[in-house]
Amino acid sequence: MLDVITNQNFLYNVFGGFTHLTWQAIVMIIIGGILLYLGVAKDYEPLLLVPIGFGCILANLPLTELIHVPRELFVFHDGVREILSSTGLLPLQEGVRLVDQGILDVLYDAGIGNELFPCLLFIGIGAMTDFGPLLQNPRILLLGGAGQFGIFLTLMLALVLGYDKMEAICIAIIGACDGPTSIYITSKFNPSLLGPISVAAYSYMSLVPIIQPPIMRLCTTKKEREMSMSYDVLKPVTQTTKTLFPVVVTIITLLIAPVGAPLMGTLMLGNFLRESKVTGKLVKSAENEIASITTLFLGLTVGSTMNGDVFLTVKTLGILALGFIAICGDTAFGVFGAKIMNIFSRVKINPLIGAAGISAFPMAARVVHKVGCEANPQTYLLMHAMGVNTGGQIGSVLAASVMIAIITTLQIMQLIPM
Amino acid sequence: MSVAVNAPMAGKLLSVDVKVGDKVKKNDPVATLEAMKMEIKVFAPSDGTVASINAEADTNVDPTTVIVTLD
Amino acid sequence: MTEMADMTFGWLLTIVAGGLTMISLGIIIIATKILKSFQKS
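Residue numbers (the working numbering), protein chains in the order written: chain A, 1 to 418; chain B, 1001 to 1071; chain C, 2001 to 2041.
Keep in mind the hints are simulated off the structure, nothing from the lab. Misleading hints may appear alongside valid ones.
Here are the simulated SDA-like cross-link-like pairs (lysine to any residue), alpha carbons at most 25 Å apart as the crow flies [said to hold, decoys possible]: (1) Lys2036/C / Glu374/A; (2) Lys42/A / Met1036/B; (3) Lys1026/B / Val278/A; (4) Lys1025/B / Pro377/A; (5) Lys2036/C / Lys42/A; (6) Lys1023/B / Met1036/B.
All chains should be modelled from the sequences, with the hints used to inform the complete structure.
Shown next as structure tokens:
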């Protein structure tokens, strides 16, 4: 018996957890720990960073077999594939391993691989959003579009830096400043980048109150910031208008970009549930239970794709840097968008509210209010900024939908790789 | 001349932070509102003395509501 | 067809996607104004 125990193979496998621990895994576990620390102790987006951090730790402990990344290198023992490979109809590529599904593999296939989870989250976001302030002054919707131009700035930078097209798209979409949109686009076009992209997107979103104010001050003069905006022009809209709005937006945007249906459709569905006022129970479920459950599974699975081999590369550093530029770009473009609008319109707006044209809701609007208040206590920008902020949500989903439409068209035309 | 301080936006009035007879300077906070889950201070538009308090805490206010008047 | 150059792809996406996003927002604004014009009457 003693020779069995002292056999190298036996020791190696019984204490496999220790013997299979690589330096990459250790670094990733530390990164997972940092994410947990940021979520728990610093209160940065805890609802997301905690599951992501824990998922990262789980997946990087060796031999847990909870999830297999990168997913192209594994074939799962599920019925069809197994039969096909045993009859030789599905030849295994070199380096591909046939494995059993881990529980996180199941979650991955259930909601990340097919982009379901981000869409479920959108129902909740729609149910939480009040488009009232936007409807009172619809032209500020343009600012919600201007705030998306950080996406294109980042796209160009990423391409110049040598990222390939699909990577560049996924990095650029951090500029939508919207977690579910980023995860949706990334899982569609380049799932191997899910970890770094979602970490970048969610960390910068939680840092919006720190990142935005200096940029906003840089892009405006004190005089511009001091401008107060009256609420007299804002006549309340009727419930009928609020109820019809999501339906109209759905029809218009999906006629323009049908492939955006999973994002825009679910966002507007959630909002219609809210405004129709007859589905109280569904609204509650969408914004509480469904959103919480999805957030947990989404965070856990995304965190567990943060495999050391994939994550610990120069690429990740580049993604973090470009993501930061994306959000700064959004802020600047939003502010300048507002200045341009002022040239053309009679009723002037405070350029600061342009900075709220991103989808980080409602942080961006609060930041705008605070910066405005610092410059002049008599300026109360909150509601105007809220309007722009909800416009930013429509803008980011719309920009993402249009981009998906164009990219899939180019793929069909074989001008870019699948 | 009396100055009416209206609620700057629709929301819930959390508290009125001055009493009748208080002297306030321009940009002193006079009340606290809650809108969109954020607390917002309402600041005095000019120097003056609080002449009357016209709104109660924990009620919903909108831009037509006068919170306090200043003399 | 041969693969498109990276920067061509970038510019194409910026101009077409950016433009189309703003145009769509414009259409939504017009539609909202039409919606609101009904409520006054």
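Okay, the hints, checked on the actual structure:
A threshold of 25 Å between alpha carbons decides the hint, and for lysine 2036/C with glutamate 374/A the separation of about 35 Å lies outside it, so the pair is violated. The suggested pairing of lysine 42/A with methionine 1036/B holds, with an alpha-carbon distance near 23 Å, which does not exceed 25 Å. With a C-alpha separation of about 46 Å, the suggested pairing of lysine 1026/B with valine 278/A is violated against the 25 Å cut-off. Proposed proximity of lysine 1025/B and proline 377/A is supported: the alpha carbons are some 12 Å apart, at most 25 Å.
For the hint pairing lysine 2036/C with lysine 42/A, the CA-to-CA distance comes to about 44 Å; that exceeds 25 Å, so the pair is violated. Of the pairs offered as hints, the one joining lysine 1023/B and methionine 1036/B is violated, with about 30 Å between alpha carbons and a cut-off of 25 Å exceeded.
Hints 1, 3, 5 and 6, counting from the list given before, are not met by this structure.
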